[in-house]
Amino acid sequence: MATPNHDHLPDTELMRLVQRGRQQAFVALVRRHQNALLNFFRAMGVGSDAEDMAQDTFARLFNYRKRYKPTAKFTTFLYLLARQVRIDGLRKNKRYAGLMEGFAREREVREDTPRAPRTSGYDLDAALASLPETMRSVVVLNVCRGLKYEEVAEALEIPLGTVKSRMFVALRKLKELLDEQKTQRGEAATKC
Amino acid sequence: MQAEDMTISGCARTEDAAAYALGEMSSDATAAFERHLATCPACRAIAADIRFVVAELRKRPEQTVSHDLTADILERIPEDAWTDKDDAAPQFAPWAPLAPFASARRAYHGLKGACFTRPRDTRGLALRAAAGLLVALGGAWLAWHWLGREPGPAARPPVVRTTQPKEESAPTRADAIGGALDWLVAAQDYSGAWDPVRWGGKKEYEISLTGMALLALMNDRTGLRRPAREQSVERALEHLFKQQKENGALGAECAGIMYNHSLATLALLEAYRLKDGPRLKGAVDSAVRFIGDRQNDNGGWGYQKGPGRQANTSVTVWQIKTLLSARQAGWNDAEAALRKGLAWLHGVVDEQGLFGYQRPKDSPEGGSDTLTAMGALCFFLAESQGAEPGASDDRIRVALKSAASHPGKQPDFYRWYFVASALSAGKEEGYDRLLADLQSVLLRERSRDSAQAGSWDPVGRWSSAGGRLYTTAMAALSLQAQTPDGQPL
Numbered sequence: 014m015a016t017p018n019h020d021h022l023p024d025t026e027l028m029r030l031v032q033r034g035r036q037q038a039f040v041a042l043v044r045r046h047q048n049a050l051l052n053f054f055r056a057m058g059v060g061s062d063a064e065d066m067a068q069d070t071f072a073r074l075f076n077y078r079k080r081y082k083p084t085a086k087f088t089t090f091l092y093l094l095a096r097q098v099r100i101d102g103l104r105k106n107k108r109y110a111g112l113m114e115g116f117a118r119e120r121e122v123r124e125d126t127p128r129a130p131r132t133s134g135y136d137l138d139a140a141l142a143s144l145p146e147t148m149r150s151v152v153v154l155n156v157c158r159g160l161k162y163e164e165v166a167e168a169l170e171i172p173l174g175t176v177k178s179r180m181f182v183a184l185r186k187l188k189e190l191l192d193e194q195k196t197q198r199g200e201a202a203t204k205c
Numbered sequence: 305m306q307a308e309d310m311t312i313s314g315c316a317r318t319e320d321a322a323a324y325a326l327g328e329m330s331s332d333a334t335a336a337f338e339r340h341l342a343t344c345p346a347c348r349a350i351a352a353d354i355r356f357v358v359a360e361l362r363k364r365p366e367q368t369v370s371h372d373l374t375a376d377i378l379e380r381i382p383e384d385a386w387t388d389k390d391d392a393a394p395q396f397a398p399w400a401p402l403a404p405f406a407s408a409r410r411a412y413h414g415l416k417g418a419c420f421t422r423p424r425d426t427r428g429l430a431l432r433a434a435a436g437l438l439v440a441l442g443g444a445w446l447a448w449h450w451l452g453r454e455p456g457p458a459a460r461p462p463v464v465r466t467t468q469p470k471e472e473s474a475p476t477r478a479d480a481i482g483g484a485l486d487w488l489v490a491a492q493d494y495s496g497a498w499d500p501v502r503w504g505g506k507k508e509y510e511i512s513l514t515g516m517a518l519l520a521l522m523n524d525r526t527g528l529r530r531p532a533r534e535q536s537v538e539r540a541l542e543h544l545f546k547q548q549k550e551n552g553a554l555g556a557e558c559a560g561i562m563y564n565h566s567l568a569t570l571a572l573l574e575a576y577r578l579k580d581g582p583r584l585k586g587a588v589d590s591a592v593r594f595i596g597d598r599q600n601d602n603g604g605w606g607y608q609k610g611p612g613r614q615a616n617t618s619v620t621v622w623q624i625k626t627l628l629s630a631r632q633a634g635w636n637d638a639e640a641a642l643r644k645g646l647a648w649l650h651g652v653v654d655e656q657g658l659f660g661y662q663r664p665k666d667s668p669e670g671g672s673d674t675l676t677a678m679g680a681l682c683f684f685l686a687e688s689q690g691a692e693p694g695a696s697d698d699r700i701r702v703a704l705k706s707a708a709s710h711p712g713k714q715p716d717f718y719r720w721y722f723v724a725s726a727l728s729a730g731k732e733e734g735y736d737r738l739l740a741d742l743q744s745v746l747l748r749e750r751s752r753d754s755a756q757a758g759s760w761d762p763v764g765r766w767s768s769a770g771g772r773l774y775t776t777a778m779a780a781l782s783l784q785a786q787t788p789d790g791q792p793l
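Residue numbers (this note's numbering), protein chains in the order written: chain A, 14 to 205; chain B, 305 to 793.
Chain A extracted, bound-state conformation (with noise of 0.2 Å):
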């Protein structure tokens, strides 16, 4: 019998499918979000272990299959487990240890990160580097991966309100920075 085709269905009836074992239905969600998963995880600063990351998140989403809600969003509740991965990933790393506290001060903890390729004539992943753990996720959930403020809010389990004032303030902290990286560029061109 042949193989059904199962990339033309919504991703919350995809998960209803693998709750009832439906491998095919698992594979095609995987090939939807793949790639959505590993920029997720770049942009939060994920260096070299991004794929890792990403193939931990789908071996979470099975594992917790019977926990998603087709009333959630799904990209919600990939998200929420994506960002469980990330912080699980950061208390594992023996490299990081001594980070650890800094982390739950909010502090960022960089990664040797491949810098992605720029488009514009700012260091855009530095930037972000700069920025606390908890204020990057906002700004990566929101502008980078397409997430509303409440569907943000829930990924994270943070308030509403919170994802509100952590995007704020992240958003103006970026503009400082990359007024900051104009600055050294333009300092930089008058001494050559």
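One thing to keep in mind: the hints can contain errors.
Unchecked claim - In the BS3-like style, the derived pairs of lysine-lysine whose C-alpha atoms are separated by at most 27 Å in a straight line are:
no.	chain 1	residue 1	chain 2	residue 2
1	A	186	B	363
2	A	188	A	177
3	A	177	B	363
4	A	195	B	363
If you are wondering where the hints come from, they were derived from the structure by calculation, not from laboratory data.
Following the hints, put chain B in place on chain A, whose structure we already have.
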């Protein structure tokens, strides 16, 4: 520190600037904040800064995985966790052919919001399917007789009306629109089209439905700042470009080609308003020409051009509406066709201001409310452009008010859309109240199916042609109609 500084140095609403720049506000809140922006330089500056940062962030290139991760992930999951290793069992999707089983079963048990749990063993499946079939057939027969047999663009199967209880409190208009647009984005195919068959409609109306969904998405300008919405629109436009034939027609020749063509052209025109370009202009050029080519000698349009293909108000209104939209966007080469079309439309109005289908007092559907709203909309839009002063008169305005005073005996998204649009465009005293009443009916009719949150159930007239896509897109468009200062759809 930064937040404190900014709060102190700016006004109390600076934090809203981020939500505004990111399109996170409802349309009402956006309008209110834009009024605030006009008087607050601090918020204007912050909104501009934030827009700049967001635009830069969105320039970050997306990366792709080095290889498909599927095999690696499946290796981590026990083989016996799967039930479909060797088969392709039928799916119990709400839009699948077995959907009546689920609907009827929910209705039978009266379970509000309950999910239909698929049986695990095949014997159970067979028994439940058989029971479901009996219930569904019974329910479908009842629904067929309850809703009445309405002639449609094509022969239609019976519709099972859901009997879920209504919500105690309806959502706000902005929330309902947002939910509908999110549902539409999620329902889109990767080709960029919206496939009616998946959602209970007919394949031949794919272009119309893609046009409807596109219009609804593009009407929410702030929502377009969200990547998912923006990408959805781009993919859909790309799909429409591919459907255009050499003669300018958007879609294949079929009975519904003029519906398909006009709705797709309206969507292209709206896209052109958002972002002009030679490709869009070329597509609209030839699409507008095609409408002129298909006009009957008497000025109207029918399902197809030619002897025996009589013009009718429904098809004609869509073409006039499209030509009016084109004229508003700068196309002047269809003036003659437009004037002839409006003249034909005048010819179907009776002494009471009611519009007929092919002539005055011609009402094959048993009523003239929808046709009257359609005709009134065209006249109001034409008048608003200044080229046809006095196109409408008091008879038509009163007739529309009468048509809008009751929502109808059954769900009718086609009627609701045109009544809402005409009330919005008419700007007559009392129209705003009628529009608000109509929109409150729409809010109450939202689907209670949690798996289809944000959509409207495919019930009522024409729903078998467009399914859930049609009801949801038309509901969103109807809710987007604004008075007194909003733009008519």
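Each hint, compared with the structure:
1. A/186 x B/363: This hinted pair holds, its Cα atoms lying about 18 Å apart.
2. A/188 x A/177: holds (17 Å)
3. A/177 x B/363: Satisfied, since the Cα-Cα distance of roughly 23 Å is no more than 27 Å.
4. A/195 x B/363: holds (17 Å)
Checked against the numbered hints listed earlier, the structure breaks none of them; every hint is satisfied.
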